[in-house]
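Engineer: The hints should help you fit chain B onto chain A, whose structure is shown.
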Amino acid sequence: GAGVSQTPSNKVTEKGKYVELRCDPISGHTALYWYRQSLGQGPEFLIYFQGTGAADDSGLPNDRFFAVRPEGSVSTLKIQRTERGDSAVYLCASSYSLGSGEQFFGPGTRLTVL
Amino acid sequence: QQPVQSPQAVILREGEDAVINCSSSKALYSVHWYRQKHGEAPVFLMILLKGGEQKGHEKISASFNEKKQQSSLYLTASQLSYSGTYFCGTVTSGGGADGLTFGKGTHLIIQP
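Residue numbers (the numbering used here), protein chains in the order written: chain A, 8 to 121; chain B, 225 to 336.
Derived from the structure by calculation, the hints contain no laboratory data.
All figures in this text were calculated on a predicted structure; none of them were measured in a lab.
Misleading hints may appear alongside valid ones.
[Said to hold, decoys possible] With a straight-line cut-off of 16 Å between C-alpha atoms, the simulated EDC-like cross-links for lysine to aspartate or glutamate are:
#1 B:Lys274 with A:Glu109
#2 A:Lys85 with A:Glu27
#3 A:Lys22 with A:Asp93
#4 A:Lys24 with A:Glu90
#5 A:Lys85 with A:Asp64
#6 A:Lys22 with A:Glu109
#7 B:Lys328 with A:Asp64
#8 B:Lys279 with A:Glu109
#9 B:Lys283 with B:Asp241
Pulled out of the complex, with its shape left as it was, chain A reads as follows (with noise of 0.2 Å):
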């Protein structure tokens, strides 16, 4: 069946400017990931979703950063005045249920804030 999808696979904008990254789970999978991967480093949570609901926002860096589930499937991870510190790949996983373990991630958003 279908992985996790991610959309556009590369955006390029200008600092400032508010980008939206979308997030398509494996079909039936209730639980949510978002994380970022800098260059040599590991993925970096922000946030995940059981549902519609955010289970836990804490990662997200700052209140520039938000991210949405309306209606339990697809998520948008959207980011407002963009830095060149935002610069990064955004992953987005998903898994089956609470406590199903296995996180299938996504080939990734790669974002450049010039």
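Structural biologist: Chain B alone, transformed into the frame defined by chain A:
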């Protein structure tokens, strides 16, 4: 707090064995192992849960020492396809689906 992985990098000949370690300063609920090739998404290898349960692939083994808050990944008879960066991700709270805290990774290079 980020788990510490060792070694940072290792170079092997095809067929040799390797051990990658992951250590945490906090009590762990679970340890997850992933492999990532350059430019690709992390791929799940194994999860080890407090209490001894394991889920993963047949050709990969791992251990989880709850008292020492450590896990080790064992790669035996390495193949060229094993090359990549290995990450451990940890969950320190009681839920199994919390966001993972990843280490900085161990770079594994397998030479023919």
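Engineer: Would you mind confirming whether the straight-line C-alpha gap from Lys85 of chain A to Glu27 of chain A stays at or under 16 Å?
Structural biologist: Given that 16 Å is the threshold and the Cα spacing comes to 5 Å, the pair holds.
Engineer: Are Lys85 of chain A and Asp64 of chain A close enough, with their CA atoms no more than 16 Å apart?
Structural biologist: holds, 13 Å
Engineer: Regarding the pair Lys24 of chain A and Glu90 of chain A, is the alpha-carbon distance no greater than 16 Å?
Structural biologist: OK: Lys24 of chain A and Glu90 of chain A at ~8 Å, within 16 Å.
Engineer: Is it true that the CA of Lys283 of chain B sits at most 16 Å from the CA of Asp241 of chain B?
Structural biologist: Measuring from Cα to Cα gives roughly 12 Å; hence the hint holds.
Engineer: With a cut-off of 16 Å on the C-alpha distance, tell me whether Lys328 of chain B and Asp64 of chain A pass.
Structural biologist: Since the Cα atoms of Lys328 of chain B and Asp64 of chain A sit roughly 22 Å apart, the hinted pair is violated (cutoff 16 Å).
Engineer: Regarding the pair Lys22 of chain A and Glu109 of chain A, is the alpha-carbon distance no greater than 16 Å?
Structural biologist: violated, 36 Å
Engineer: Against the 16 Å threshold, does the CA-CA distance of Lys279 of chain B and Glu109 of chain A hold or violate the hint?
Structural biologist: holds, 8 Å
Engineer: Does Lys274 of chain B pair with Glu109 of chain A here, judged by a C-alpha cut-off of 16 Å?
Structural biologist: Holds, at about 15 Å.
Engineer: For the pair we were handed, Lys22 of chain A and Asp93 of chain A, check the Cα-Cα distance against 16 Å.
Structural biologist: Measuring from Cα to Cα gives roughly 9 Å; hence the hint holds.
In terms of the numbered hints stated before, the structure departs from hints 6 and 7, listed from lowest to highest.
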